[in-house]
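> Chain by chain, the residues:
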Amino acid sequence: MKEIIKKLTECFGPSGYEAAVRSCISAELPKGVEARVDAMGNLIVHKPAAGKGGRKVMVAAHMDEIGVVVTHVDQKGFLRFGNVGGVRLNPLMGGRVRFADGTIGVIGMEKVDDASRLPALEKFYIDVGAASPGDCPVKVGDVACFHRGFEQLGTRMVAKAMDDRVGCAVILQTLKVMEKSPNDLYFVFTVQEEVGLRGAATSGFGVEPEIAVAVDVTLTGDTPECPPMAVALGAGPTVKIKDGGMLAHAGVKDWLMRTAENAGIAYQREVLVAGTTDACAIQVSRAGVPSGCISIPTRFVHMPSEVVDAGDVEGAVKLLSAALSHPIDIGGEKS
Amino acid sequence: METAPLVRELTEARGPSGYEAEVRETIRRHFAAHAREVRVDALGNCIALAPGTAALNARPSIMLAGHMDEIALMVIQIEKGFLRVTEIGGFDPRVLFGQEVLVHGRRVLGGLVVSVPPHFTDPAEREKPVPLNKLFVDVGLPADEVESLVRVGDLITLRPRWSTLANGYASCKSMDDRTAVAVIVLCLEELAQRGHAWDVHGVATVQEEATMAGAITGAYGIQPTIAVAIDVTFGAQPGLSPAETVKMDGGPCIARGPNFHPVIHERLMATARTLEMPVQVETLAGPSGTDAWGIQVSRAGIPCGLVSIPLRSMHSPVETVCLRDIERSARLLAEFICRLPVAFADELVIPDALGAERT
Amino acid sequence: MLLEQLSEASGVSGHEEEVRALLLPAIRDRVDACRVDGIGNLIARKKAKGSSSLRVLVAAHMDEVGLMITLIEESGLLRFAKVGGIDDRVLPARTVLIGDKKIPGVIGVKPVHLSEKGEAEKVMEWKQLSIDIGASSKAEAERLVQRGDYAVFATEYRSMAADLSAWRTVQGKAFDDRAGCAILAELLSERQDFDLIAGFTVQEEVGLRGARVAAYAENPDVAVVVECTGANEVPTTRDVSPSTRLGCGPSITIRDNSFIADARLVELFTNVAVQRGIPHQFKQPNIGGTDAGAIHRSRAGVPSITIAVPARYIHSPAAIMDLNDFENTIALLREALPRLSGALTPLRRDA
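Protein chains in written order, with my numbering: chain Z, 1 to 335; chain H, 1 to 359; chain B, 1 to 351.
Treat the hints with caution; some may be incorrect.
Heads up, simulated DSBU-like pairs for lysine-lysine below, C-alpha to C-alpha not over 35 angstroms straight-line [as the list claims (entries may be wrong)]:
1) Z:K123 - B:K102
2) B:K49 - H:K247
3) B:K49 - B:K82
4) B:K138 - B:K102
5) B:K122 - Z:K111
6) H:K247 - H:K80
7) B:K102 - H:K128
8) H:K247 - B:K47
9) H:K247 - B:K138
10) B:K117 - H:K134
11) B:K117 - B:K101
12) Z:K52 - Z:K76
13) B:K110 - H:K134
14) B:K101 - H:K128
15) B:K102 - H:K80
16) Z:K139 - Z:K31
Because the hints were derived from the structure by calculation, they are not lab data.
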């Protein structure tokens with residue numbers, strides 16, 4: 001899966017501008033599969049059930065990545081910018097960004113009076129090599145993604161936008177390799193997750209599933225002096241129990257864990273204190289959709305170099321395929 | 001039925017947000033005693049239906065909503081037998097410090113919320129409260145036993161300790177919002193003896209403390225004509241200004257503000273006056289922090305009211321109420337419902353504003 | 001003039017009755033149907049002149065930020081809470097009008113002579129302030145006002161610019177978004193070749209509440225929100241742009257904190273403005289939010305855009321707006337709306 005992950009992570013796709021990612025994924029879809037694009041830009045792929053008695057399941061991974069948006073071009077051709085999604089301040093200084101047309105920019109920073117504190121976003125600017133607004137190739141409103149290539153580190157892979165291109169790769173691969181399923185499946189590549197789960201909210205309403213599973217990244221607790229979390233790279237995909245926005249439906253969580261145990265797939269129990277996923281929006285759609293999430297442990301989330309483990313990624317594909325290929329029991333009316 | 005035993009049974013039951021199964025069972029039994037049907041929806045809301053007597057094709061409905069979930073903690077990591085936790089819903093960490101809890105692992109274990117004892121901390125640190133990320137739960141067992149009994153994601157609830165206080169007051173955990181569920185039970189009990197035109201959906205909702213997912217999706221599924229949420233509000237106590245609190249034993253509080261339809265507010269107030277019942281007005285200038293906020297904007301909009309029970313020490317193990325306020329709230333709602341004519345639904349909207357102007 | 005009446009009307013989020021009462025007679029002869037829903041939105045429909053089935057929602061919000069009376073003290077002074085986002089620093093020494101009877105009151109302040117050292121460095125928090133209506137007891141006050149009453153700033157609408165000025169500026173309260181309401185009422189004079197749904201929404205300032213309900217009920221194919229947005233041109237030494245500027249025409253939103261405008265609609269409005277020579281500007285990205293935030297994510301998604309009149313000092317007792325910008329906003333919408341049907345080429349998988 002290294003090739004598809006490399007291709008997807010290197011695509012340009014800040015929230016609101018997912019067309020290139022959508023196009024790349026479309027080219028990878030199995031021939032003849034039913035796919036449409038909805039009003040927001042979500043790519044909805046339908047794999048009808050083979051047989052009866054299954055449930056209608058939506059699987060979601062988001063195509064968009066965090067980035068920056070130009071808010072001002074100053075008199076000397078420097079760009080001021082705002083955030084698209086949860087951009088972290090620490091890695092900005094000296095970083096590079098790439099605009100839709102390929103223009104590259106370098107992020108600079110004003111002098112700081114107090115070196116012990118991170119300056120606010122207003123103190124940063126981008127240098128695209130222009131000397132005035134007149135010769136600047138970029139205008140207010142243009143967006144850029146962070147500019148970093150894909151690298152392999154042994155069994156680990158690093159790139160920008162692993163969040164959530166690795167999730168897209170997982171559900172794409174699942175679609176390709178899974179056996180026939182009694183369940184009616186919708187693989188939805190969503191837009192605008194990073195700015196408020198917007199694509200998930202609308203596609204969840206449109207698809208109207210009975211059950212939903214998102215595939216996204218989660219943090220780890222295995223780096224020096226990090227906030228405590230019982231998730232580590234290389235110990236398998238996680239089944240989410242809770243995150244900052246939702247409580248996974250108990251029946252969905254149990255179904256995914258049971259599937260992993262029965263299939264001998266190593267998995268981790270995930271409680272994420274801050275941050276959430278598309279599942280949070282789908283769960284409150286219409287009259288309620290029992291929802292859960294399979295996560296890929298990732299180091300340095302929302303930084304330009306996010307690190308995942310190839311084994312965890314493969315494990316996620318196996319888990320998702322196994323879960324979707326069989327009849328699903330998430331409990332129901334408690335007696 | 002007797003208020004105190006009902007409230008005690010409900011508050012002592014377990015039901016953290018997302019894991020309400022145990023308390024839902026208790027609620028279901030009570031609902032079933034007074035309503036014609038009881039069902040559970042996709043996310044776990046428990047919904048009782050007491051049908052009205054109006055003609056089926058012109059029968060409006062009212063949804064009563066009180067949340068059954070309680071705030072709780074969840075295990076995020078196990079370190080040398082000590083449990084690191086995160087919260088589900090909002091705790092003041094100063095209130096948790098030193099409290100007794102129940103850890104729901106492979107079996108239920110008693111535990112204490114602890115931190116490094118003062119003798120071993122910096123003097124500067126001792127001046128400050130211990131934040132949640134420095135609190136642990138100690139179940140008093142060897143580390144390997146803890147590892148076999150407790151897992152990441154297990155839930156931790158406050159150990160219930162019911163106190164019957166003087167003057168009809170009582171204290172326990174989860175008065176927020178099990179007292180509201182008690183109000184719905186008592187209301188359904190009274191309605192079963194009386195006639196009412198409107199359908200009544202009594203709903204014990206899930207996840208209000210975490211995401212409000214229960215109220216949002218429940219309202220979508222039920223599609224009631226109007227809704228009244230029932231919750232608790234801040235009873236007067238030292239340190240709080242009268243502008244932000246209500247009187248204990250002062251009767252149910254009927255809220256005014258953008259979240260609430262003025263006609264429903266007026267009618268609830270008028271009903272209280274008819275019953276010569278003490279009642280208070282609560283002003284909420286923005287989000288109400290209750291199920292009503294999620295219900296009001298469901299689908300094409302649902303006009304809402306809010307009835308609140310005065311409560312002291314909210315979100316602590318010693319939430320305190322006056323039981324009379326619970327009984328009054330139930331009677332008020334039953335009377336309100338029984339007096340609702342079918343035509344009341346028409347007072348809340350103007351379907352033809354041009355025609356109304358011309359006449 | 002409708003804008004003047006709307007500006008001076010009292011309509012804090014949750015109590016927009018007076019604004020509805022002004023709008024209804026203004027639009028009744030221009031629309032085919034009109035209703036008020038359960039949250040208070042005023043929703044009017046103007047049917048298409050042809051056979052198109054396109055449904056377009058054009059929305060402006062009727063509510064303004066203001067105060068709510070929370071307590072009447074024994075002394076006769078009133079305590080209040082803020083409704084919507086108000087900077088505490090604009091509150092001291094204001095005159096307000098309370099309730100439907102518009103009882104005047106003043107937010108009193110400590111004389112500077114008697115303030116303690118260092119006090120002038122701290123902001124007066126809203127919780128410390130109270131409103132004086134001249135009552136000397138709780139009983140006296142209760143004859144005039146009650147808890148839950150809403151209060152607005154007492155600001156008259158007035159013209160600022162002399163006849164010879166290039167700007168036609170006016171000062172008043174609640175241009176956000178009574179300017180949008182006035183513009184929407186004006187747009188209803190024309191029949192389009194699609195069904196036009198005019199949504200005069202409520203409770204935008206407390207969470208885009210009315211718009212969410214209106215969008216669900218009306219289920220439009222596309223939405224245009226008409227707003228009044230902040231222009232912050234107070235001089236600074238830094239080379240940064242104000243969000244928008246007075247005198248430069250309507251602003252087109254590319255993205256704000258509540259939504260990302262549909263790129264096809266941004267292109268449409270930009271092209272129309274350029275072709276028709278209508279001055280226009282782009283609102284600085286990532287500032288503020290509007291009803292489009294709720295509408296665009298309604299049901300399965302609604303392509304949306306926000307077009308706004310710039311005004312200085314919105315959300316304060318007095319804002320300043322240029323009527324040239326106001327009229328150019330109407331002009332841009334008038335020219336662009338008929339071209340909506342052609343603008344929404346479907347999104348493709350491979351592009």
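> Hint by hint, note whether the structure agrees.
Now for the hints, and whether the structure bears them out:
no., hint, in the structure
1, Z:K123 - B:K102, "violated, 46 angstroms"
2, B:K49 - H:K247, "violated, 60 angstroms"
3, B:K49 - B:K82, "violated, 44 angstroms"
4, B:K138 - B:K102, "holds, 19 angstroms"
5, B:K122 - Z:K111, "holds, 28 angstroms"
6, H:K247 - H:K80, "violated, 47 angstroms"
7, B:K102 - H:K128, "violated, 48 angstroms"
8, H:K247 - B:K47, "violated, 53 angstroms"
9, H:K247 - B:K138, "holds, 17 angstroms"
10, B:K117 - H:K134, "violated, 39 angstroms"
11, B:K117 - B:K101, "violated, 40 angstroms"
12, Z:K52 - Z:K76, "violated, 66 angstroms"
13, B:K110 - H:K134, "violated, 43 angstroms"
14, B:K101 - H:K128, "violated, 50 angstroms"
15, B:K102 - H:K80, "violated, 66 angstroms"
16, Z:K139 - Z:K31, "violated, 39 angstroms"
When held up to the earlier numbered hints, the structure conflicts with 1, 2, 3, 6, 7, 8, 10, 11, 12, 13, 14, 15 and 16 and fits the remainder.
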